[in-house]
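Protein chains in written order, with my numbering: chain A, 1 to 364; chain B, 365 to 897; chain C, 898 to 1183; chain D, 1184 to 1495.
Bear in mind the hints are in silico, worked out from the structure with no lab data behind them.
Quick reminder that beta carbons are idealized off the backbone N, C-alpha and C, glycines included.
One thing to keep in mind: the hints can contain errors.
[As the list claims (entries may be wrong)] Simulated DEER-style distance windows between Cβ atoms: (1) Gly64(A) - Pro1411(D): 36 to 46 Å; (2) Lys506(B) - Ala1260(D): 27 to 37 Å; (3) Val1481(D) - Arg872(B): 32 to 42 Å.
[Said to hold, decoys possible] Computed cross-link-like contacts, BS3-like style, restricted to lysine-lysine with a CA-CA straight-line distance of at most 27 Å: (4) Lys74(A) - Lys112(A); (5) Lys1414(D) - Lys1430(D); (6) Lys112(A) - Lys211(A); (7) Lys1414(D) - Lys1170(C); (8) Lys337(A) - Lys323(A); (9) Lys1170(C) - Lys1304(D).
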Amino acid sequence: MSEIALENLGKTFGDFTALADMNLTIANGEFMALLGPSGCGKSTTMNIIAGMLRPSHGAIRFNGQDVVDVPMAKRGVGFVFQNYAIFTHMSVRENLAYGLRAQGAPGAEITKRVKAFAELLQLETMLDRPAAGLSVNILQRLAIGRSAILKPAIFLLDEPLSNVDAAFRAVMRSELKSLQGQFGQTMVYVTHDQLEAMTMADRIAVMDHGKLLQVGTPLDIYNNPADTFVARFIGAPGMNILDGRLIQKDDAVSVEVPGIGSVDLPPALQFAARDLNGSDVQIGFRPEQVSATGSGLTMRVGLVERIGARTIVHLEHEGIAAKAVLPADVAPPVARKDWTFTVPEDGVRLFDPVTGQALKARAH
Amino acid sequence: MPNLSKLSRRSFLTSTSGAAALAVATPLYLRPDRARAASGLADGMIGGPTGFDGAERYQYGPDTPEGRAIDAVRAMKDAGSAPERIVLGLSDGSIGQITQPFPAGAPSIKELWEQETGITLDIVGVPNGQEFTKVMQDISTKGGGFDIYAVEWNRLGDLAESGGIVNLDEYVEMHKPEWDMPERGYVGGEQGVSLLNGYRGSIYGVCLDGDFQTWNHRTDLFGDPAEQAAFADKHGYELAPPKTWKEHDEIAAFFHRPDDGLIGSTDLRNQGWGYTNWYQRYVTMASPNQFLFADDGTALINSEQGVQATMEYVASLAHHSADAISWGWPEQYGNFATGGAAMTCAFSNLPKFLDNSGNDGSTVTGKIGSHLPPGRDHADGRVSRTVLWFNLSASVSTQSEHPELCYLFLQWLGSSRIYSWMTANPGGFFDPFQLANFSDPLVRQTYHDYHMDIVRESVRRTVPTINYPGATAFHNALDENLTAALTGSMSAEDAMANTERQWKRIARRVGEDKLVEAIRANKAAWPDLVDPV
Amino acid sequence: MQRAIPFEIFRYVVILSLVAISLVPTLWMISMAFKPIAEWSAAGADLTWWPRNPTLDNFRFIFGQSSTDLIVALERTAGRPIFASLLTATFGTLIAMTAGTAAAYGLSRFGQGGNLPLALIQLRLFPPMAVMIPVMIMWSFLGLIDNWFGLSLIYGIVTLPFAFWLMKTFFDDMPREIEDAALVEGCTRWRVFVRITLPMMRPALASSALFVFILNWSDYLIALLLTTRDWATIPVYMASLSSSMTGQLYGAKAALGVIAAVPPIIMGIAIQKHLVRGLTFGALKE
Amino acid sequence: MTKVSTIEPVAELTDAPVKTGARLGLWLTLPAQLLVLFIALFPILMQVYISLTDWSPLDGIPWWRAHELWTGLLNYADLMADSRFWGALWRTFFVMAVCVPVQFLLGLGLAVLFVDDFRGKRVLYSTLLVPMMVVPAVAGYMFFMLFQSGGPVNDLLSLFTSDPVRIAWLSDPDLALIAVMLADIWQWTPLMFLILLAGMISVPQDQQMAAILLGASWWRRFFTIVLPRMKSIIIIALAIRVIEIFKIFDTLFIMTGGGPGVATETISVYIYKVTQQELIWSYVAAIALAILIVLSVVSVFAIKRMQRGQGT
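Chain A with its partners taken away, still in its complex shape (with noise of 0.2 Å):
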């Protein structure tokens, strides 16, 4: 049981900063997903929280205790690699028992405790099968149990389920989270794909550029994007974000986006934007929040996406493009045909268009 807490954490490789000042505390017991695209630093701050890299600068704390200068192994962390490194020259036996063995556990525990593993992970019929011939989805348990056998305190992740097929992953995903429901350990979990993020993190760390850009449960990452790169990389598709202007008409304000139309901002909104009239915004709203009812905005229609349940619509106008995502049971718009929108209020969403942040709603 372990509380991470990264502090100013950075690592520079020469000129290149792979990761740039980093804060972020992980609860005890918290399943934390780091996620952003390739090269974004989720992996270096997870080699960091391993000890394979050393950081340039900040602290590591494990329930506090700085663990910088604690060699990996000593830190007691299980690590499953995206290929998972599975000792191919052993058997599944082997490779299970093998921590244990490195630790010095007595035989006996060993035998018990690699039983108990197999069995939960299913794997006893297999469990001298040498590990070379086993197939990709067997691999990835080994690799977990292999780790866990150990009982670690911090479990760290690196994309286990990018090499598994597309059925297989559905299945693995609900096994690891409850795997974590039974060991009760602190997780790790790096990975590109928002889908793993958001259906079995607590609390994701969206990354990019090796700077952490946002930290909360996965709603409030979907609902409250701290900026428009989270905007756009939450979300299949992602928030549209469209350039607009602030306008103030009596007490309201709304945005136009020229050519478009406007959009009325909701009461929280409208105050934390009052003093910016006439000043340039970027309007964002999430696709399937378009309503194919009233007025507001329109565009022509482009693509028209049947996907089952759902149908997505490319909308185009002068070069800007935005999607929308509507029930399938909602005649989709005629394509080659302008289309008129609205957006509800509470579904709007302000950034600079300067720095990308999001305006923040403000109470009155």
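Dock chains B, C and D against chain A, hints included.
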């Protein structure tokens, strides 16, 4: 013994013409200025080198071995039966004596031959120590790479048996090389010729070398009054070049100061050479000689004499270089050149190379002396012996298309005038062995007076090494066991017993009849000289 | 990965001392090569580590341009043997690499020549000395004694096993998809081999060829038996560098040794990148 | 027409490559096959023939008439009783048994030290490979000098002793063997190092990391991950050295000529002497065939092992 009678008849015929040649040569030597006047050749001479003082000594008239050879070659040339060129395989280090002009103003031997006959002499260098290997390769693979082979003298028997070299009797008969000419020819006359050029009564080779192992010492050390006094104090007799093995061992021990870079004696102890120094001790065990084999082919080495010689040989390591067992002659020469030893036994050319003002690498120039091989006292006097070992000898390949011409070249090259001129050339390994060589001023200048007389006397005390078929196998067996004794991994008794056992097996392979005949022929060449004590 | 300071010290101490030891013979050779005669003439006695009066005389000497030519009648300079070594080692490598690469590809892709692995292992295991008698007879019959092609041919044969084994593991490792793609596009098998496979194998070819070249370049025994004058190689020629004046001409031998080390070192540097990978012998497949 | 043209290439694709492939494969292996045949056929036949006779080039008859000296299996009987042959064989295996493990351990140790990055790695790495580039014959002459009693090796040893060391390495049977083994170790450890380093670099990094994270010590990792994963390359490296040492000749021959006595006489040196000095060629043929038979058994066994090893 039909061959022996042939030899005597030939020697009878040649001795008269030899005397005539001498009579011509001597006055010419007294008038060098006149000799040079005309074509460079002295009166009555048909060929030979020109262009330097004393060249007349090496020129020849029509009735000399050289003259007859050249005439015969020219006749063949005129008849159109001569080749464009002949190929001679020769040790790398010896080529210089044939290709480098000597002395200043002279042509090289190769140039002279080509000029007189119009036949190109092509010399193929063979690495030292590889001579026999290369020749056997040529013979057994029918390579045909050479017309003339030059190999160690011991191998004549092997080569003759292999059918790879030509029996030269017919040509000898026809062209009369006069090798046994008194005053000019081989030491020991007819016997010498049979030893050096013959095998089982026939001529198979032409000797081109005189590798009679000769003893040298350092005159600066032996003449140093302080050393003399110290030595006399210790041993009760004067410090002088040793006359007996006992003296030799004491003197060597006296000078042996390895920490000061001085070694008592560096006669070789390595593989392939060391046993020549064992021979020297062994053969003096009886008077006049302690033989290796009895007349019936029984080995005599596994005896009290053999064991004692071996024990002395092993004990003498104490005054040798610690590396003696791995040193070959190149190391021996190198060490002696830098003043690293008091005494050594080497090829007779050691003073020529090391007591040589042209050799910048030598620090012993002017400090070398020579002495007779150490001996052993017996009831009838002192027996001192050295050995003939290595000694390049040239033979005609059976694969040559022009064996007679090749023989004629060898007769020309190996006869006393041209050979004296060649051996005086410091550029190679061919050493003097004919009486004419020892008295030749130019040779004496190159080899030094002090050395030449000692060499001549050493030759008279020289025993041949094994030259019968299987020579290498016999030597290797002895070598292997002696080395085992030297390194202490075998007792002297075991070494001799082992050698005897191996020799028996080799004799069986060679064929005992063949062997007994060769042993008898070899024994005929052993000296019976016993010095008064 | 982080390593403790004591380990770093240990690493440098061990490596530097091993490097120092391994350099002794090489430095000795270099030092000898630059010593004047007086400093190397005596075996064992009074030898110094460094030349007191460095000179290029030894190099001049083996090329026949020394003032000290009285030391030995140098009938042949080193130029011809160096050329002979270069030509025969290169051509031998060419033979081994051509036959070896082709056979390796044939076996790796088409399963032809299944007898070759065993035959070639035996060929390499067998001491050449033990077959030199029949080889000398054959070569002599074919007129290949003391002939550059004769020597190259035997070099090509004795190093063929290495060329074959190295190349076979590379071909086994190479993904077939690329070749298959080219085949689908209508290339002939031969064209694929020449135009696609071989260019991809360039690093493998380079490191294998270096290895084979070094083996050929190093040979002493075979050249000793199969050459006499015209095509004596460096090691054979080296044996003739001795004289009665000074014994073994160690300085000249060392100078020649220094020269002889140059081609493999140049080649080694040229393909340094591939050297390590090239020698895994494909043994690391999962 | 269009239909035909679209179908035809498909037929070619499925059928033709198999046929042309097999044919091309045969052509490609042909040169190697011919070379092997060329070097094996005549020598084996000739050696079988003359090994049954007492023929020597000294007999004065060409080899094809060797049957005139027919002795049957006498040479083989001699071989059984030839203490020098067995001694040389034993010595060769002894050199192998000492040099191969030493070269392996040194090479492996160096590979361990070189596997990760450190300052000066490239230079030190290149320097270590230099001995491999020195022609063995030259190395022989250099080692001959180095091992003289007043030579540099003793000079170096003298640094550690109070009295100057004056060991005559090459004149003592045991030390001479040690000296030639040291020379071989010097020359060929770099190759072992190079191959083993190549193998070690290729051991997957993440497996090692995984082992560390599972708490394995360096030693445990080395013995349970690194070495097992290098197994096949280790076998190859050892095999190469075993094969080459079996034939050891060049450096050794120049250093000692097999001496003192027969103290450093290996199989190749022994055969060389019998071939070139004693000239009992029928006997050499018997030796060669005996070796060939033994080696064939060994290599068939080795190939079987190797194919099984690669199969998994």
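Status of the hints after comparison with the structure:
1. For the pair Gly64(A) and Pro1411(D), the beta carbons lie near 40 Å from each other, so the given range of 36 to 46 Å is met.
2. Evaluation of the 27 to 37 Å hint for Lys506(B) and Ala1260(D) yields a pass: the beta carbon distance comes to about 31 Å.
3. Look at Val1481(D) against Arg872(B): about 34 Å separates their beta carbons, and that is inside 32 to 42 Å.
4. Straight-line distance between C-alpha atoms of Lys74(A) and Lys112(A) comes to about 24 Å, which keeps the hinted pair within the 27 Å bound.
5. Restraint check for Lys1414(D) and Lys1430(D): the C-alpha separation of about 25 Å stays at or below 27 Å, so the hint holds.
6. With a C-alpha separation of about 44 Å, the suggested pair Lys112(A) and Lys211(A) falls outside the 27 Å cut-off, and the hint is violated.
7. The straight-line distance between the Cα atoms of Lys1414(D) and Lys1170(C) is roughly 24 Å, inside the 27 Å bound, and the hint therefore holds.
8. Distance check on the hinted pair: Lys337(A) and Lys323(A) sit about 15 Å apart at the alpha-carbon level, within 27 Å; holds.
9. Restraint check: the Cα-Cα separation between Lys1170(C) and Lys1304(D) comes to about 14 Å, which is no more than 27 Å; the hinted pair holds.
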